[in-house]
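Asks: If you read the sequences in order, they're chains A and B. Under full-length UniProt numbering, residues 1 to 387 are what the first sequence spells out, in order. Under full-length UniProt numbering, residues 1 to 609 are what the second sequence spells out, in order.
I should point out that these hints are in silico values taken from the structure, not numbers from a laboratory. Please read these numbers as outputs of a predicted model, since none were measured by experiment. Accuracy of the hints is not assured; some may be wrong.
Claimed, not checked - Heads up, simulated SDA-like pairs for lysine to any residue below, C-alpha to C-alpha not over 20 Å straight-line: (1) A/114 - B/50; (2) B/386 - A/248; (3) A/214 - B/318; (4) B/352 - A/90; (5) A/265 - B/260; (6) B/352 - A/255; (7) A/187 - B/318; (8) B/339 - A/244; (9) A/86 - B/93; (10) A/213 - B/228; (11) A/86 - B/320; (12) A/277 - B/260; (13) A/234 - B/46; (14) A/277 - B/318; (15) A/255 - B/68; (16) A/277 - B/244; (17) A/263 - B/565; (18) A/277 - B/241; (19) A/265 - B/284; (20) A/187 - B/323; (21) A/234 - B/466; (22) A/86 - B/46; (23) A/311 - B/11; (24) B/466 - B/566; (25) A/234 - B/343; (26) B/190 - A/137; (27) A/255 - B/326; (28) A/311 - B/2; (29) A/265 - B/338; (30) A/234 - B/338; (31) A/265 - B/566; (32) A/304 - B/1; (33) A/255 - A/214.
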Amino acid sequence: MDDYDKTCLESALVGVCNIVQQEWGGAIPCQLQSTDSLDCLERLIDLNNGEGQIFTIDGPLCLKNVQSMFGKLIDLAYTPFHAILKCGHLTADVQVFPRPEPFVVDEEIDPIPKVINTDLEIVGFIDIADISSPPVLSRHLVLPIALNKEGDEVGTGITDDNEDENSANQIAGKIPNFCVLLHGSLKVEGMVAIVQLGPEWHGMLYSQADSKKKSNLMMSLFEPGPEPLPWLGKMAQLGPISDAKENPYGEDDNKSPFPLQPKNKRSYAQNVTVWIKPSGLQTDVQKILRNARKLPEKTQTFYKELNRLRKAALAFGFLDLLKGVADMLERECTLLPDTAHPDAAFQLTHAAQQLKLASTGTSEYAGYEHNITPLHTDFSGSSAERM
Amino acid sequence: MSSLMAALAAVGPPNPRADPECCSILHGLVAAVETLCKITEYQHEARTLLMENAERVGNRGRIICITNAKSDSHVRMLEDCVQETIHEHNKLAANSDHLMQIQKCELVLIHTYAVGEDSLVSDRPKKELSPVLTSEVHSVRAGRHLATKLNILVQQHFDLASTTITNIPMKEEQHANTSANYDVELLHHKDAHVDFLKSGDTHIGGSSREGSFKETITLKWCTPRTNNIELHYCTGAYRISPVDVNSRPSSCLTNFLLNGRSVLLEQPRKSGSKVISHMLSSHGGEIFLHVLSSSRSILEDPPSISEGCGGRVTDYRITDFGEFMRENRLTPFLDPRYKIDGSLEIPLERAKDQLEKHTRYWPMIISQTTIFNMQAVVPLASVIVKESLTEEDVLNCQKTIYNLVDMERKNDPLPISTVGTRGKGPKRDEQYRIMWNELETLVRAHINNSEKHQRVLECLMACRSKPPEEEERKKRGRKREDKEDKSEKAVKDYEQEKSWQDSERLKGILERGKEELAEAEIIKDSPDSPEPPNKKPLVDMDETPPVEKSKGPVSLLSLWSNRINTANSRKHQEFAGRLNSVNNRAELYQHLKEENGMETAENGKASRQ
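Isolated chain B (complex conformation) (with noise of 0.2 Å):
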């Protein structure tokens, strides 16, 4: 509105001394039809994306055209100039890649004289003057009948209707007591109407003022019974225009709606119950007229959620996906950005990367996961699914699992669920390790996205306790380890994303071998002193087959000890005679051995002479 009144300004009143001819109305003719030929930004896009069809991009117009006119003569005058002009500039047109021939164009002549004065020009309907040209004439006395005609004419080029809100309940300073009916007018899209105009029940009111009938739709404002913000099913949202823009009823009901507050509109019925149809309701400073859907739904009665699949499960983790979301609202970025290789990027891309992320690793459920039902794995989960990770996040990350170690160390419960399972469900140490293997889960998900998530993973490694083999031999002298290598290369199934959820099957059959072992005394780590070289029983020498290099497939046991000992092996030197050994076996004092003369055998076994 204030670049319109600004243009209109600078344009000023014509100089009454000046000569005729150079405010005649013939020059805002001719610029309006240059206007009508420059392609808009829409057109051209559009014509670039269609190429070859460009054509199918229509170029269409309307002149409205507001003036004093002699006589019917002088406006078959300014109707011939404009025809003439457009036929120039179709011309031009044809040879430009800037401008578009006008395929059609309206020409609507409003001719306005004083009042009290007598119009010298008939009005006449729409008529073809050309292919291209049609054009119609209004006669108007100048004041608010040029308002009221231009309403009517508005209405019917952009396809707009009215609607009265009625029943506005407004206080008034002076008369506290009356109700006074104070209606407001709004101007909005036709299509806002289309329920209406479907069912036949339209309350079309008007007022007759000289001979131009007005319709308009009246809806009662309805008070909202609640500040409950609802989702409502509407089916259109229009921008609206008070006819009225600053009378006091309607700046009442545009600030009520500008300071955040919607109104439900009621559709006035004969009878039986009231039918909400509509809602004004304004986002951002701009009021919408939403068109809300009150007929029957064909959805009635659907299907209850408990009934249908995954219906059953009572233990979903709708609080934790709760913070998902809020986690991965969406937000504008109206700045473009751009990455790395200098392309565009698009927020939205990395909203879908950004998910993608945080549903590597995610439970849908509490009793398939442990370390999200704890406090103590927050901060390692929260920072682990980011793309990059600062210092501080890896320290974090550290500082957690050390937390979770001296925990394990502390024999501190863990939330994992007994339900389902037989008996007392699975001991102290092996509920750590089904932490620690979810846990490995979780970070491995994410090890693909830097060198700094390797490196957690690396400390994780380290720093968890191992799997049950592992333990078990660092106790003294247990024959019945090999009862233990034997049933669990049979059960486990080592696929590193479910080694967790495996572990609970695996729980049961070491629960057997546990009850046999009942008196055993594990040795638990601590991280700083580093982990007793491997011994095994002499018993067991001979048959630990060396390990394979990858021909085929891999044993699992052979996948076992290999990881066990690089990890082992990354933790202190290898000792000397284990290295010289030969078939696992040293000798021991050879240099005792060489001193006393004695030989030494092919085993390195001594042997006396």
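Just chain A, same shape as in the assembly (with noise of 0.2 Å):
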């Protein structure tokens, strides 16, 4: 530990801050306690933008006064978190570790921060293949509780090696519980079970293992909303596979009704015409002229490299460039060898036509939609596909 000078707060701050992310990484609130005259720690409030809260004692010094401070502390920082996990008609009392913290949603519309149910309800199960490392707000320990009849909690769970048989930790770890029979299934299964957290409001619980290979029962929270997970869709039109006309996952699990795709392909997952840097422009139109070299092999890459690239053209507002590609196939029609195939000057003739009306811009040719097909020809009777 280094050494800080005592009255300069803010590097004392800070040098906490330090070991805290040396430690921790930098995600982890941290709590402060100091013993510090009031303005002094009213002032750091502020200056932390009023995010934090002074206890005092009320009254004389005494063991009473301090007692219930720090009782005042625990009940706001420290209450545990107990709920009710529930699939259906199987329940169990559990604690939830650490507390889950109030959340805003849109500050602009609903500044008023949301917090999760007390009443934890399984919608339903999916693979862990499907849920794909879900992004998520925090996540917890899900523990199994036995509540006495005034509902507070009865053992912890945490056994002493001198305790009885008759003990209540004992009789609670006899008596069969959900969670245990969850937590076993999920990890055996590979699976997560959906669960519901409020109003528009979900996370999943699975079997995580720490590094020395036991396993605990967790909970994660997504963020709230009616589609925290674009690639399950929306949350509410998840359903039972029942209802659907043929199980999604097929009769041997090979199959998903997951991942939803998109609308629209994306840019990486199209055939893009990209000419930001002149390398790009001669690529393409060297493409266009390998093949024209080679019909009529060649021929329906030729008109699909062709019609791409008029495309662009058009878009990009780029006329001119028709009409020297025209000029090129025209020149390659020249060069042509006695021994080509007759067809190819005439699909050369033909292509450097059609480029140069769509270079006009304004007759039908130059239309978007309308592309260059091949020319029928007596040698071309099955290269007359469309394009």
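Put the complex together from the two separate chains, hints included.
Replies: Here you go:
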């Protein structure tokens, strides 16, 4: 531990910050306890944008008052979160640790922070492969607890070696608990349980193994909203497979209804034409010429590439390119060797003519959707397919 | 992308022969302002939701104009035009439901000029022209310089950041031995870097091109160790866009991901162990950058399950619950469905409804159940939980029941656990009663689903072997039935749902009774022959109390008697003599007495005169 100047609170905070970060990373909330004078602490809170609280001892300094102050601190910051985990009629009393924090959905429209329900209702199950490491707000341990008649926790499950047979822990250990059943099956099947945390707020329950090969039941919270995971779609639209005409998972679990595909294909999943650098344009033109020299075998590819170039040129308003390529094709025609197939010459001339028409920008040949099709000749009986 | 390209093609380049006024950029700027005033679907929904607080919904926008300006004063003119247009349209919007006023507008003017020429317009940083309008001017050469400038602007405007993936193992055909370094730069929301910014551990490298400094964070491709699908703790997932979308390295990377493989990305560290900070993964054809939490967890060393509640139980029905989970998996229903009353059906509600049905009776441990350990029960157990049954389903349930009766007749063994019982455990016929009780509990839990479910219960009740009292009464002249009745009455607590559970306790007491009646033969019934009528030994007649009507609490014996009598009465017609009997005594051969002139006395007993 480094020494820090006690009078300079800021550097002390930075020092604590660094230690916490090194050990725990940047995402951990941290509580500071300090015994400073009241107005110092108040200024500190102001600096921190009003986040923080001061606890004072009411009355003279005595054990009882100190206890009540810490009692208030505990109630505020350290209260356990008790909930009921439900799957239809199967239920278990649980503690969720750490306590889930309130979450603000949309500062502008709905600034009131939301807290999860104490009734955690499972709505269905999904394979781990389909849930695909989803982004979550936080994750928590779900621990089964035994509650006595007053609803107080009885036995935290931490056993002493000296405990006798009839202690509350021992008894609780022998009563079948839904959490244990759920955890065991989730682990064996490699699945997660989707749980409802509130209106339009969901999460998942799963088995998580720590580094020592021991595993526990955990719960992660998705971001509130109707569609936290794009590849699952809207949560409200998820229903039981028995309602589907045929099992979407197939007879042998060899299929899956997930992931859902976005309405529009992404640019990297399409054949996009990019001419930011001159090399891009050069490559595309060269492709056309290479195919031109291999007509009529490469008729299909030739026209495919030609139409792609044509469309891009029209979109970019690069009409001169069409004229230029038309000239190049005519030149290729003159360079054809005598051994070339007669159809090649026909196609080249036809293509060049079509491009010139498109380059005027006014005729119907300049329509974006109008594709140049191969010329139908006596030689090209088989290549008269539509491109 | 394709719709954008089609739209551009439809607009086409300006006609050089037309009047310059027609293709002035002013038309575009005016159209832009008009569009900003139009309400979007999200705004409309939010306003409807908030009602009185509708003014919380904002309307702010940005206009990016790429043009060639003549001079700085030309630029000034364009700005003035935008300002006036906003002013006019805001007035219109104030009186309209379909339009919203523009609260803030950012104008970004990009002056682009041909390579080789000089710029006639100077750059100007963002300046407030009015409370509603700010403006900035960028001057940039056409071509790839324009692309670079837009790349920087798009990151500012959409809160994006750049990550460069390095160390991509690419197979180079020509230079098989060289490991050429192909980097791929990706754009994504800047929140994917939030952990870096917090820790101050950024590896900001960049290239300086014409004074525009590009920041990017470099991550190393990490060859995946196994093909196992792991559930990572992920705090964010952001869509990516490659900067150079169809360069060879880019398309190599994106194709690899689109084929279903995921890539882990490592934070290059000068010292210490390697840290996996991100993961690239494709979902349905869309590539996401997942942020993995690499910090230490506060949940280290959690309590062991075996030490907690239910941790000492060793026979949970894990496999069966696994099957239950697979049957209750979720799938998307994209087409809207409607209920009988015409209201919209919500698939998730149906899912919850199904779980409720499937768990009405679901024992958690193997030793708590008999029927779920039996293959013979599967056809019934698997359909009885359904909302509605087909005729075939009912038939299969009935076949299951008949099969079980058959098993009982053949005295087939049952998978009843003898764990925890003292001695040999229950005898075979008692085991079957336990099984029937449990099956009845399961079926009863679903009788309200439909009329067909009721029929299954009726079949079950008709076929199942009866509770001990009734079986004993079938035996001839056993006086010890008395004893048994009393002990049963004292012990049994007949609750329908728990009847089978109580049978467990009951079997202990019955064991004692059984030992006394060891020589007794129990006649097994076949479902085809009708049951013989209830024959009670004469000695018990007078002691049998009449059936009580439900006045106050009904006695246990009368409950049993009623049930047995109801079941029996369905199987045969009551004897005429018994129907006409007085105090359960019937006068026989009455016609003979009449013929012989004897009078019938009060009790129907013949008396000689």
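Asks: Hint by hint, work out which the structure violates, then give me just those numbers in ascending order.
Replies: 6, 9, 12, 14, 15, 17, 21, 22, 29, 31, 33
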